[in-house]
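If you read the protein sequences in the order shown, they are chains D and E.
Yeah, the first sequence ends on 357 if you go by the working numbering, and it's all consecutive.
Yeah, the second sequence ends on 694 if you go by the working numbering, and it's all consecutive.
Worth flagging that the hints you see were computed from the coordinates, not collected in a lab.
Quantities reported herein were computed from a predicted structural model and do not represent experimental measurements.
Any given hint could turn out to be false.
Said to hold, decoys possible - Taking CB as the label site, the calculated pair distances span:
#1 514(E) to 176(D): 53 to 63 Å
#2 232(E) to 39(D): 42 to 52 Å
#3 628(E) to 39(D): 40 to 50 Å
#4 320(E) to 296(D): 33 to 43 Å
#5 176(D) to 293(E): 20 to 30 Å
#6 313(D) to 628(E): 24 to 34 Å
Note that the Cβ used here is the ideal one computed from N, Cα and C, for glycine as well.
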Amino acid sequence: MVKRVVHLIFLTILLLQHSCMEWDYGYVEEFDTSSSREGLFICNEGNFQYGNATLSYYDPATRSVENEIFYRANAMKLGDVVQSMTIRDGIGWVVVNNSHVVFAIDINTFKEVGRITNLTSPRYIHFISDEKAYITQVWDNRIFIVNPKRYAITGYIEVPGMTMENGSTEQIVQLGKYLYVNCWSYQNRLLKIDTETDQIVGELEVGIQPTSLVMDCNNKLWTITDGGYEDSPYGHEAPSLYRINAETFTIEKQFAFELGDRPSEVQLNGAGDKIYWLNDDVWEMDVNADQAPERPFLPYNGTLYYGLTVCPRTGDVYIADAIDYSQQGMVYRYSRSRELIDSFYVGITPGAFCWK
Amino acid sequence: MRRIFVILLLVLLPCVVGAQEEPTRDWARRGINIADVTVYGKRPMKEIGAQQTRFDTLMLKENIALSMADVLTFNSSIFVKSYGRATLSTVAFRGTSPSHTQVSWNGMKINNPMLGMTDFSMIPSYFIDDASLLHGTSSVNETGGGLGGSVKLATKPAQADGFGLQYVQGVGSFKSFDEFLRLTYGNDHWQVSTRVLYSSSPNDYLYTNRDKKINIYDDDMNIISQYYPTERNRSGAYKDFHLLQEVYYNTGRGDRLGMNAWYINSDRELAMLTVDHGSDTDFENRQREETFRGVLSWDHLRESWKIGAKAGYIHTWVGYDYKRDVGNGIMAHMTRSRSRINTFYGQVEGEYYMGDKWLFTANMSLHQHLVESKDKNIVRQDGDKAIVGYRKGRPELSGSVSAKWRPVERLGISAVIREEMFGRKWAPIIPALFVDGVLSERGNVVAKASVSRNFRFPSLNDLYFLPGGNPDLKEERGWTYDAGVSFAVGSKGIYSLSGSANWFESFIKDWIIWLPTTKGFFSPDNIKDVHAYGVELKVDMDVALAKEWLLGLNGTFSWTPSINEGEPRTLADKSVGKQLPYVPEFSSSVTGRLSWRSWSLLYKWCYYSTRYTMSSNDISLTGKLPPYFMSNIMLEKSFSLERADLSLKGSINNLFNEDYLSVLSRPMPGINYSLFLSITPKWRKQR
């Protein structure tokens, strides 16, 4: 009897141990996109706290897309919520917000060449030189100064009037030795920073929560506010688009939206003479216009667009549809004449673009 | 799936064959306890047509380190989504979401009114004496809003005679320590019990992190090598303290009074993701909770009727802190979130038996929630400080009446009407109809069927959370259908075998989902229509294999497609007709217990099929959750000494060192060990 029981136990254990989770690790793919004249990187945020952010690459000439290129080229994950990407001298700097890291990758092979770690909650990176860059943060009242060559944090610019809890610095543009930064979450201002002294030399109050920032061909800054939200203790107002004289650091023109509108994603074309933004529809406006357009460039088609970019060479407009934010998003490519040229699936929640 | 059937068959077959070889032997006189099969005519009137899973003491009191999440994982067909060891664990029935599972403790609803769900990792199984699952329609008998079902948890009088004491010490891997003490006193009228549990661990288990690589640079900062690091689970420490005081008084003349008070003090770090490149010494991510739950109860029992009343109170304080070292050793707050919940509870209920063919019941409960959420400290435009959060109160009234009729012994019919009011909104009438009938007296084959409507009101965060709360949300609503058949055969002291097979179908409309917005925060909306259906199988068997050998087996298997049947959000939407993310289509569990004299060997096994992480059911390299099997084993030896009963248990969890994930980027522990020593002094003999 004992023998039978022992046999039974062994049989049971044998059967129940059968198979393990089907993992396949370590396989690295080789890419070489050096022959493509232009290329578009798409930053797919993924889902917060799930670590499933990805990077896609689109070749406009061949209309081909490669998804999950960071994972495929490096056999590791990109991280949790990729926020933005900036290219300098053949290296792409991919900012992964909730992984506290900025990866540096070869833009042709997608292989990692280094990384800056232990950042608070990085949003955007802007280069001053080969050995100096700034990284903005949310939930931190400091802009980090880094040495990209050594992948090291070398200092901070502390922003006055901000605590860690409501700290938020976002996109950066440069004119001469000055940088301009929009402060977004529970903020209402732009900063002017002297890159030689790393000091904040000016502040400009705009509307509630300026979300993005670009500089046009006339050296004018454009920012768009989202107006906050209903019942926010910080306030709720109609959003606005602002044109700002960078040299005098004063508001030149304010284009007001309706209360409840959700404008975002100010972008420029290659020449810097037209701006684009999302507000349910896709809008286009000449940078010298005195009035906002009455009709959109591309009308709303029943989905909330999450990302926008314009090809600097052809002027093609790319918009990202996150669909339900839990499946592969779709990117639509339209020509200047508003014709749909192509559409392709990318990763979950495509939010930001970067041209090669 | 076929593999699961084969495994179940192979495990069960030898046992049945073994039992049939010696059908006439009766081991009961040697102390083996196999109960006789329940006679069909004695099926309780209150459970007509109900699909219910009960957990016995052996499952609940397996060891002091287990939470109810662990018990449900290995002993039921419902899906437990665990974010790690001693970390948030939610349960969901039949492809629904955790907020569709209603949970009660001694009659009082304990779902967090802000989130709508319950964290089962915070419920130690040693604090629960009676647990059962009410699947689908059956939950309407107890409460509304259980679109998937409900979990009933309760404590019971210890049935002590004089003073009693039990002390259990547990020591495990990762410097885990668990200590449990129970003091009891009882006589003919009074039953008093005090339970204390303290669990702590740095919880820093090792795992190979294949989600990231470590770089090795040369002097010029060129990468010369990369490797997958072997890391510890970073920032996962916990310290949980539980105290449960119970007093029961039985007049002996049909009145029973009870008092239950449960205090929880929990301090848990929230472990870093596998893809986190921050330093664990520079970041602190911690959640602290203090909860008090108290229930006073009175039951008045007579031969043909019963009335009861309950009053209760819940206070919960949750503090969440996310900090980082700003370079000078000072940890500065990035997020400082506080929430406070006060819930007042009252309930009256009555039952009346009219002869032996009719039972009427009525029940009315009220939960009044007062909630304060402080999520973020900001500086306003005028320079003043302000807090982002909300304060709200909401009464939740739920009442039901039912009539249960058993015209003949073989047939039972039950009708329930429930009505609910949340805030000022009334739900439409929630009806439920249950039928059961004996198909065959031989084998006690009983067929059951039921149908119900159901509603779930949005949680307070769904409606009011800042930012993103949506006060215009509609309630989730649906119809559920159940049908099944069960059997029970056996012979007292030799074997017992019972099983059930149930089919269910649910249609849920206006399913609430939180989605990102262009403003950088999430907001809920009524997004999906879901069709959840499937089959649940259950087998329980006890066999006296030979002299003093007893084998017990419990097995469950579920097939739970949960399909998005809403309209596509855009032309590119691939989610329609697909399984919901993070809901396994197949799951199974088997528990086997082999006893010989004072030795006991327990083997637990569970299986979850692939869980999709995308609503389109695409499987990507970065979004893969393959199926996994999990095995735990435990060996126990009991000693009966002159002055005390001792028990020594050793357990091995994740026996085959499975590399598995329940949620993306949340590492789970590999093989780990625990040792438990239990001492129960024999006071009465000493006197």
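(request) Could you tell me which of the hints above the structure violates, numbers in ascending order? (result) Numbers 2, 3, 4, 5, in rising order.
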